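Student: Here is how the chains run, residue by residue.
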Amino acid sequence: MASLKDETHWRRLVEECFRREAGVQAPLSDPAQDLIETGVLDSMGWVSFLRALESASGLSELGARLTERIPSFESIFQVFSEAKADSPAVGAKFSEARHAATRAVILRSSSAVVGSRTIPSDEIDRAFGMPEGKLRLRAGIESLAYAHESENELTLGVRAAEQALHVAACGAPELDWIIATSETHRNYPSLSAQLHSQLLARETCGALDVGGACLGLLNGLAVAQGLIVSGQARTIAVITSDVHSRFFQPGRVAGEFGGLFGDGASAFLLSAKHGPTPPDAYALGEFFFGCAGQYAAAIRVSSAPDGTLDVHFDGEALSRAAITRMEKVILDVELRSGLLRSSAEGLATHQPNPRLVSLLAKQLGLSPGKFPSVARTFGNLGSSTCGVALDAILESARRREADHRGPIFLASLGPGLLFGGGWLIPA
Amino acid sequence: MTRLLITEITRMGPAFCVIGLQREKDKIRSVRPVSATANSWMHFPYHRGDVLRCDLAPFSGSKPHIEDRVSTRSFEKESAVPEPEVVTYLRKAEIASSLEDLFGCVLHENKTGSGLFAKPVEARRSVCGTVSQNLRLELCANELRATLALRSGEVLRDLPVVDRDWRDFFEAAVVISRGANRLARLERFLNSQFQSKVLSCPHHFVRLGLTRPYHDLCWLMLDTLIPLPKHDWLEEF
Chain A
1 MASLKDETHW RRLVEECFRR EAGVQAPLSD PAQDLIETGV LDSMGWVSFL
51 RALESASGLS ELGARLTERI PSFESIFQVF SEAKADSPAV GAKFSEARHA
101 ATRAVILRSS SAVVGSRTIP SDEIDRAFGM PEGKLRLRAG IESLAYAHES
151 ENELTLGVRA AEQALHVAAC GAPELDWIIA TSETHRNYPS LSAQLHSQLL
201 ARETCGALDV GGACLGLLNG LAVAQGLIVS GQARTIAVIT SDVHSRFFQP
251 GRVAGEFGGL FGDGASAFLL SAKHGPTPPD AYALGEFFFG CAGQYAAAIR
301 VSSAPDGTLD VHFDGEALSR AAITRMEKVI LDVELRSGLL RSSAEGLATH
351 QPNPRLVSLL AKQLGLSPGK FPSVARTFGN LGSSTCGVAL DAILESARRR
401 EADHRGPIFL ASLGPGLLFG GGWLIPA
Chain B
428 MTRLLITEIT RMGPAFCVIG LQREKDKIRS VRPVSATANS WMHFPYHRGD
478 VLRCDLAPFS GSKPHIEDRV STRSFEKESA VPEPEVVTYL RKAEIASSLE
528 DLFGCVLHEN KTGSGLFAKP VEARRSVCGT VSQNLRLELC ANELRATLAL
578 RSGEVLRDLP VVDRDWRDFF EAAVVISRGA NRLARLERFL NSQFQSKVLS
628 CPHHFVRLGL TRPYHDLCWL MLDTLIPLPK HDWLEEF
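Line by line, the protein sequences are chains A and B. 1 is the number of the first residue of the first sequence in my numbering; add one for each residue after it. 428 is the number of the first residue of the second sequence in my numbering; add one for each residue after it.
The shape of chain A in the complex, shown without the other chains:
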């Protein structure tokens, strides 16, 4: 039964990847046909098709295994079955483990907070010495959420975490790990350690900081999933918190860059699925990650010797990279999960700015309403953008009948250009 299921899965991946390369109308030829010799694909198209298939199937050595074989569908299916037979990487055990992992972890509750000061974007334009209306007209940002002077990464993170724990009626001592991510907290003790102390977690609860900037939430969720599936933990809080307003200040960075960012935090409580599932819970699907180095130069932030920030920000290149790569990640989520993006309850994605979100929605043929409006009212919240968006989608899903809830797509990017995607399904 398992192998039949695998075969159907592989066949679907092969067909979809082939049609992406050869065109949606391209007929699937005789499996034994040499795709290059018969002109169905040229050699570049063949490699491109295989790379897409490697990415979708997780079989990274597909291309290498096809050397000295006829470029045909039959060869691909042969490689899949050989790989399954002799490599644990795609073998039945791995498939089963992966399948188990995708439903073994549930997201019990979530919460999001933003900086308590709401600043109209015109005011930010003035502060950065930009023409009034620039952020609104060029980026689509109406206002930004800025932290009050009494707020910082820790206070926002604690607030989000306490709310998430409260919603799930879960005490902090239940936590086995606190996983924190922030692109602005650069102090020691680290954010996870400070959160651990403030939340009064058990001494034996682990505290871990993960990086990735705007990709941080997905990194954190993937690590948490791994810890729970491996049996190392049962309950984990994943917390994001970013306070850009103290970091990207006028005089330190250009307004075209610094003016895009706001402050916020989010928290998610994850547990092993055991016993009855809470009615509103979502199960974690798979996550995948990578780094598209061709975009490495689009954004770089480092500390200059004089204490200022050295920001290299090629807005145009970054926008292009963000749209292209996000689209690719979302298409990969669709391909890997077998879930249609049109069926998604919503997409919790990175939101560099609202204009790019609209453009992405258009490229994907989706209603902009599938993307919660985060950047428009709060600004780009770094690692918390995805978190605040995810919380908003979960909140709206809770208001719907369980049978009508759809999956949630996750996709984000970080400088590098790091990318990652994943999905959640109603538990």
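In case anyone wonders, no lab produced these hints; they're calculated from the structure. Hints are supplied without guarantee of correctness; some may be wrong.
[Said to hold, decoys possible] Straight line, CA to CA, 30 Å or less: simulated DSSO-like cross-link-like pairs of lysine-lysine:
no.	chain 1	residue 1	chain 2	residue 2
1	A	K84	B	K657
2	B	K519	A	K362
3	A	K134	A	K362
4	B	K519	B	K624
5	B	K657	B	K519
6	B	K452	B	K538
7	B	K519	B	K546
8	A	K370	A	K84
9	B	K624	B	K504
10	A	K370	B	K538
11	B	K490	B	K452
12	A	K362	B	K538
[Unchecked claim] Label-pair ranges, simulated between beta-carbon atoms:
no.	chain 1	residue 1	chain 2	residue 2	range
13	B	H535	A	I119	32 to 40 Å
14	B	A599	A	E7	37 to 45 Å
15	B	P509	A	H312	37 to 45 Å
16	A	G251	B	K519	36 to 44 Å
17	A	H404	B	A442	54 to 62 Å
Only a predicted model underlies this, so the values are computations on that prediction, with no experimental measurement involved. Backbone N, C-alpha and C define an ideal beta-carbon position, used for all residues, glycine too.
Chain B: place on chain A using the hints.
Tutor: Here is chain B on its own, set in the frame of chain A:
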């Protein structure tokens, strides 16, 4: 009469594409001799480093292949230049260290698969040199592909390798007569000796090119990887 230092001999299918360097006053620039009837040559018995005498006529080739010139008589070998010296000249020709400077335009990612492309109307040339910080070659389903990191930190992935000598070398490495485990041995070579032989070579240099427009896109490829492979290396793995 033109003197042309041959720097690129690329092979795609049965045909060869050739590029050489031509000195024009203080400048050294790339020139691609083409025949009056085709962009490529079915027979090209010369080597990189050969200095050829030829007659080249201006030719309004389509963008971005502005280097095209029609060869109006047969080539005649005049002399040859050693590999390190070829690189000295290549460094004086078109060169860039970042993605956008390579062809004077934005390079786009293939959304559905692999590879990078330029739009013909945007690209300002079709060949450029660079020094790679790191480089890896691999065989992907019989196709030779390169991934390289530029000095800017940007990474170019999955470029088709069309360098005639490197393609010949790889084909020779996997011929059946070389015995068992040919692919595994080749892979070992690429993961070990390749680093010391190619990347540590003081005159290591790479030339990248753009394909002719295909469905209105010009795809990036690795035209030349210097040092060129030596036949003796086949004895080492």
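Student: Work down the list of hints and note, for each, if the structure agrees.
Tutor: Against the structure, the hints come out as follows:
{"no.": "1", "hint": "A/K84 - B/K657", "result": "38 Å, violated"}
{"no.": "2", "hint": "B/K519 - A/K362", "result": "45 Å, violated"}
{"no.": "3", "hint": "A/K134 - A/K362", "result": "23 Å, holds"}
{"no.": "4", "hint": "B/K519 - B/K624", "result": "24 Å, holds"}
{"no.": "5", "hint": "B/K657 - B/K519", "result": "25 Å, holds"}
{"no.": "6", "hint": "B/K452 - B/K538", "result": "43 Å, violated"}
{"no.": "7", "hint": "B/K519 - B/K546", "result": "26 Å, holds"}
{"no.": "8", "hint": "A/K370 - A/K84", "result": "37 Å, violated"}
{"no.": "9", "hint": "B/K624 - B/K504", "result": "29 Å, holds"}
{"no.": "10", "hint": "A/K370 - B/K538", "result": "22 Å, holds"}
{"no.": "11", "hint": "B/K490 - B/K452", "result": "24 Å, holds"}
{"no.": "12", "hint": "A/K362 - B/K538", "result": "15 Å, holds"}
{"no.": "13", "hint": "B/H535 - A/I119: 32 to 40 Å", "result": "36 Å, holds"}
{"no.": "14", "hint": "B/A599 - A/E7: 37 to 45 Å", "result": "38 Å, holds"}
{"no.": "15", "hint": "B/P509 - A/H312: 37 to 45 Å", "result": "40 Å, holds"}
{"no.": "16", "hint": "A/G251 - B/K519: 36 to 44 Å", "result": "43 Å, holds"}
{"no.": "17", "hint": "A/H404 - B/A442: 54 to 62 Å", "result": "59 Å, holds"}
Comparing the model with each numbered hint stated earlier shows that hints 1, 2, 6 and 8 do not hold.
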